[in-house]
Amino acid sequence: MKARFHWLMMIGAFIAVVAMTSASASASQITATLDSQSIALGDSAQLTVTVTGSDAAEPDVPAVKGLEIAPAGQSSSFESINGQISSSVSFLYQVTADRAGVFTIPAIQLPDGSSSQSLTLRVSKTAPGAAAPPLSTLPAPNMQSGNESDTADANGEPAFLRVIVPKQQLYIGEVVPVQVKAYFRAGMAASLNGLPTLNSDAFTLNKLDDKPDQSQETVGGLPYTVVTWSSALSAVKTGDYDLHLELPVVVTVREKGGRVDPFKQFFGDSGVDDSAFDDFFGGMTEKPLTLQADLSNVKVSSLPTMDRPTSFDGAVGNFEVSAEASPTKLTEGDPITLRLHVSGQGNFDRVDFHGLATSAAWKSYSTRAQFEPADSAGYAGTKTFEQAVIPLKSGQQEIPVMRFSYFDPDTHRYVTRETTPIPIDIAPGISASSAVAPPAGPATSSTRLPSANTSMTDLAPNKVETGSFISTLRPLIFAPWFMVMQGVPVTALIAGLLLHRRQKRLSQDLERTRNRSAKAAIREQLAAMGQALAANSAPAFFIAARHVVQEQLAERWKISAMQVTAVEINRRLNGDGDDLRNLFAVADDVVYSGRRMPATELQHWKDTVMHQLKNLEER
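Numbering (the working numbering), first residue to last: 497 to 1115.
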């Protein structure tokens, strides 16, 4: 019994020793070193984080204000002692400062809780005679988003997003050019998963191009591929706000913690190109990321009320106006085409010109506007207003001066521009008295006019001449030709009834065909809605939803589907179609802006569409 107890004690001690050995073998150790404790501003130091253990996980390097810590690669080494394989991975980072000073890099931790020591880096001003860093590597003051550092990594990956605006103090209605720039480390495999979206109800962003510009830039001494969208930003609410943009991307990265490459222990850091072994033993995977850019403390002010001119209609920017008319020589009553041009930079959505007003000399009609942008963002261009006017007086006339007022956000004041008067030569029109002339030639007895001495109130003389005679007193209704003439309208009535019956039958057949086509189109669009919902594609969903409503209402109102608009819905439903009008508004916003929606919100809109279709069928 005692011998058995000793055997149990020995087995337990052996298990404890094995467990402690395994635990010590699996525990990871982490060390961090800088190749230089002191650098000059504009230079970079290399941070090496070495993780030793059987499972070398990637460390979590904390962000340091004033420093850019960007991944620069990694290397691995393996050792086999008495069958025990140990590995270590060195993660390399390039550290760049944007200002002089003393910076502390906190302890770097692993997922299992292991941590390194903290490090200190001293950055001095650029040495005399030293070359300054390229301008492309320096941040533009008050022009970039994100942290104070030159770059901002997204979720630890070498990719980041910036939004660049010329100023952070705007007026309501003011439009400024904006650039959205996505940076990807050169050689990094990445693809866009959508367009940048603006998450703020205080600003609007013009439509972004599906094919942005691509270029190469050097940031912090490292090459980057840059994708740039140029647009225009407009402020719609007063107050202090943060500007936040997001960009979904997909990057291809190497999986960490994969199988150990046994061949690397033979190569080590000998300089042999072992990329083929990396591709074989380390798998590649696609990783979705959401790059974010923030610009804080954007102040939006209201337009001043002092010195606001009466001709101001809300335009904000810097504009010039001109006018032209055609033709300038015409006859009284003929129309003139008046064109008013507003050119410059600013918010053209708020540019409105009422044109020439109706007066005793002119009859004016409403204007039609057309905008021609001068850039891709719609920030600069010319808006032309076309108006038809009709002169009411003949002679030398002129189209008078017309005024256009706007608010200039750069000078903080209102400006009024005036057009130049346009001379118009108007010939007299044909009068009504000269339009009808008396018959020419001598007057006969039947056309004799009363003499000057004859009063217009005298009675006409009695007619004593006899008329023509008839040969019989037989009633007219018994005449053969009269009886035939009475049958003509009866025959025409019968033919009309037959033709109407045929047209009615044809129209009913056409109506049935139209109904079948509308129902087939509705079924097709409902299926498209379901597919878009399953794929979580908001633009495709709202395009199909809008077509469903258009087909249903077009079949009901007997009009084409293209005629079913939000205005037509409001007019025909007497203001009861709020959900349908909202659907059209949201559809335009999603389709043109590329805004994404969660599946729950798309399901809510699908239920709304189905409910509205049911209500339309019951009416």
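Hints are computed from structural coordinates only; laboratory data are not their basis.
All of these numbers come straight from a predicted model, not from anything done at the bench.
Some clues are possibly wrong.
[To be verified] Here are the simulated DSS-like pairs of lysine-lysine, each with C-alpha atoms no more than 30 Å apart in a straight line: (1) K733 with K783; (2) K621 with K703; (3) K703 with K663; (4) K825 with K707; (5) K825 with K859; (6) K889 with K825; (7) K561 with K707; (8) K561 with K703; (9) K663 with K825; (10) K561 with K663; (11) K1054 with K1000; (12) K783 with K859; (13) K663 with K707; (14) K1102 with K703; (15) K825 with K733; (16) K859 with K733; (17) K795 with K859; (18) K733 with K703; (19) K1015 with K1000; (20) K703 with K783; (21) K889 with K1000; (22) K889 with K1015; (23) K825 with K795; (24) K621 with K663; (25) K783 with K825.
[What the hints assert, rightly or not] Ranges of calculated distance between the beta carbons of each label pair, as one might list FRET restraints: (26) S860 with E742: 37 to 43 Å; (27) E554 with S532: 31 to 37 Å; (28) E554 with Q665: 52 to 58 Å; (29) Q665 with S860: 57 to 63 Å; (30) R1012 with A884: 17 to 23 Å.
Ideal Cβ placement from N, Cα and C applies to all residues, glycine included.
Structure-based check of all given hints:
| no. | hint | verdict |
| --- | --- | --- |
| 1 | K733 with K783 | violated (37 Å) |
| 2 | K621 with K703 | violated (43 Å) |
| 3 | K703 with K663 | holds (21 Å) |
| 4 | K825 with K707 | violated (49 Å) |
| 5 | K825 with K859 | holds (17 Å) |
| 6 | K889 with K825 | holds (13 Å) |
| 7 | K561 with K707 | violated (34 Å) |
| 8 | K561 with K703 | violated (34 Å) |
| 9 | K663 with K825 | violated (50 Å) |
| 10 | K561 with K663 | holds (23 Å) |
| 11 | K1054 with K1000 | holds (16 Å) |
| 12 | K783 with K859 | violated (66 Å) |
| 13 | K663 with K707 | holds (26 Å) |
| 14 | K1102 with K703 | holds (26 Å) |
| 15 | K825 with K733 | violated (49 Å) |
| 16 | K859 with K733 | violated (39 Å) |
| 17 | K795 with K859 | violated (46 Å) |
| 18 | K733 with K703 | holds (19 Å) |
| 19 | K1015 with K1000 | holds (22 Å) |
| 20 | K703 with K783 | holds (27 Å) |
| 21 | K889 with K1000 | violated (53 Å) |
| 22 | K889 with K1015 | violated (58 Å) |
| 23 | K825 with K795 | violated (53 Å) |
| 24 | K621 with K663 | holds (29 Å) |
| 25 | K783 with K825 | violated (71 Å) |
| 26 | S860 with E742: 37 to 43 Å | violated (49 Å) |
| 27 | E554 with S532: 31 to 37 Å | violated (24 Å) |
| 28 | E554 with Q665: 52 to 58 Å | violated (42 Å) |
| 29 | Q665 with S860: 57 to 63 Å | violated (40 Å) |
| 30 | R1012 with A884: 17 to 23 Å | violated (44 Å) |
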